[in-house]
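Engineer: Line order of the protein sequences matches chains W and L. Going left to right, the first sequence walks through residues 9 to 176 as the working numbering numbers them. Going left to right, the second sequence walks through residues 25 to 125 as the working numbering numbers them.
Keep in mind that the hints were calculated from the coordinates and are not lab data. Here the structure is a predicted model, which is why all the values come from computation and not from measurement. Check the hints yourself; a few may be wrong.
Distance condition first, Cα-Cα at most 27 Å in a straight line; then the derived BS3-like pairs of lysine-lysine [to be verified]:
#1 W/84 to L/113
#2 W/91 to L/113
#3 L/113 to W/98
#4 W/90 to L/113
#5 W/84 to W/98
#6 L/113 to W/96
Derived CB-CB ranges, DEER-like [to be verified]:
#7 L/121 to W/82: 19 to 25 Å
#8 L/100 to W/32: 23 to 29 Å
#9 W/115 to L/93: 24 to 30 Å
#10 W/23 to L/120: 30 to 36 Å
#11 W/138 to L/107: 37 to 43 Å
Ideal Cβ placement from N, Cα and C applies to all residues, glycine included.
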Amino acid sequence: MADALFLAISVLTIGSAIAALEMRSLVYGSIALMGTLGGVAGFYVMLDSPFVAMFQLAVYVGSIAVLILFTVMLVKRELIFKKIEDPKRKFAGIGLMLITILALGAIILDSGVKTITTDSDPVDFREIGGDFLTYYWPALILMALILAGSVMGALVLARREDTIENEQ
Amino acid sequence: MSNELIEFVLVSIALLGIGIYGLAVKRNAIRMLFAVEIIVNAANLNLVAFARFMPHSGGQTLALFSIAIAAAEVAVGLALIIVAYRMYKNVDIADFRSLKG
Chain W
9 MADALFLAIS VLTIGSAIAA LEMRSLVYGS IALMGTLGGV AGFYVMLDSP FVAMFQLAVY
69 VGSIAVLILF TVMLVKRELI FKKIEDPKRK FAGIGLMLIT ILALGAIILD SGVKTITTDS
129 DPVDFREIGG DFLTYYWPAL ILMALILAGS VMGALVLARR EDTIENEQ
Chain L
25 MSNELIEFVL VSIALLGIGI YGLAVKRNAI RMLFAVEIIV NAANLNLVAF ARFMPHSGGQ
85 TLALFSIAIA AAEVAVGLAL IIVAYRMYKN VDIADFRSLK G
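Full structure from sequences and hints, please.
Structural biologist: Structure, rendered in structure tokens:
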């Protein structure tokens with residue numbers, strides 16, 4: 009059975025995921041999204057994967073959430089507090105969510121996943137570091153190039169072209 | 025391990041359902057990006073949970089790659105939202121009419 013810590017983290021994660029989508033203000037919504045991402049980092053610690061948890065905290069909670077907060081600040085004030093959604097679609101969306109959760113949950117509960125347990129030691133994070141630098145090094149270089157390219161692409165996209173013309 | 029695999033998988037399914045709800049209902053582009061992030065995190069949680077119960081290091085490695093690619097995706101997605109906001113003065117995706125090919 010699940011222990012109290014697991015239940016607390018899952019309530020935090022799922023509750024703040026709902027809050028991130030349903031809160032009226034986008035600023036509070038992005039702070040609630042931080043709660044979800046931090047809760048997932050807590051799950052990683054419970055799964056004996058501190059390396060991934062640290063990565064999650066540094067990349068998601070540290071940078072992506074702050075990037076989203078800054079983007080929200082660039083948007084007009086009325087838009088931050090206005091809820092933009094289709095009322096007609098709301099019930100369809102809730103139905104879709106329930107169908108997804110119930111169908112996938114029934115399939116998973118019916119499958120053999122329920123009986124899987126382990127007594128083996130967790131994977132050492134030194135092994136992951138070794139993997140990165142030996143077997144996965146082409147993928148690591150490719151990922152670095154993709155990150156550099158995407159950041160440059162984001163900068164080029166968000167550049168204002170009209171400011172230079174206005175100054176002249 | 026005091027917790028079983030099935031519990032982590034059920035939490036991941038709940039996060040996936042919430043993300044699908046957000047993508048279906050919300051018309052605010054920034055909120056839809058939140059929903060995408062929640063779905064990506066559900067997938068990563070599944071990867072790490074199954075990797076712990078194998079046990080194999082490949083799942084954690086794939087989760088790390090996935091987190092890095094998600095960071096790139098958010099940077100480009102937010103830049104696109106800012107460009108669209110500058111053109112339409114709105115973040116409602118129903119207003120982005122001329123983006124329809």
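Engineer: Would you mind marking each hint as holding or not holding in the structure?
Structural biologist: Structure-based check of all given hints:
Annotation: proposed proximity of residue 84 of chain W to residue 113 of chain L holds, straight-line Cα distance about 8 Å (limit 27 Å). Note on residue 91 of chain W and residue 113 of chain L: the hinted pairing holds, with a Cα-Cα distance of about 16 Å set against a maximum of 27 Å. The straight-line distance between the Cα atoms of residue 113 of chain L and residue 98 of chain W is roughly 25 Å, inside the 27 Å bound, and the hint therefore holds. At roughly 14 Å between alpha-carbon atoms, residue 90 of chain W and residue 113 of chain L fall within 27 Å of each other, so this suggested pair holds.
Annotation: proposed proximity of residue 84 of chain W to residue 98 of chain W holds, straight-line Cα distance about 25 Å (limit 27 Å). Restraint check: the Cα-Cα separation between residue 113 of chain L and residue 96 of chain W comes to about 25 Å, which is no more than 27 Å; the hinted pair holds. Between residue 121 of chain L and residue 82 of chain W, the C-beta spacing of about 22 Å keeps the proposed range 19 to 25 Å intact. Against the hinted window of 23 to 29 Å, the Cβ-Cβ separation of residue 100 of chain L and residue 32 of chain W comes to about 28 Å, which satisfies the hint.
Taken as a hint, the range 24 to 30 Å holds for the pair residue 115 of chain W and residue 93 of chain L, whose Cβ atoms sit roughly 27 Å apart. A C-beta distance of roughly 31 Å is found between residue 23 of chain W and residue 120 of chain L, which places it inside the suggested range of 30 to 36 Å. Checking the proposed 37 to 43 Å range against residue 138 of chain W and residue 107 of chain L shows it holds: the Cβ atoms sit about 42 Å from each other.
Checked against the numbered hints given earlier, the structure satisfies every one of them.
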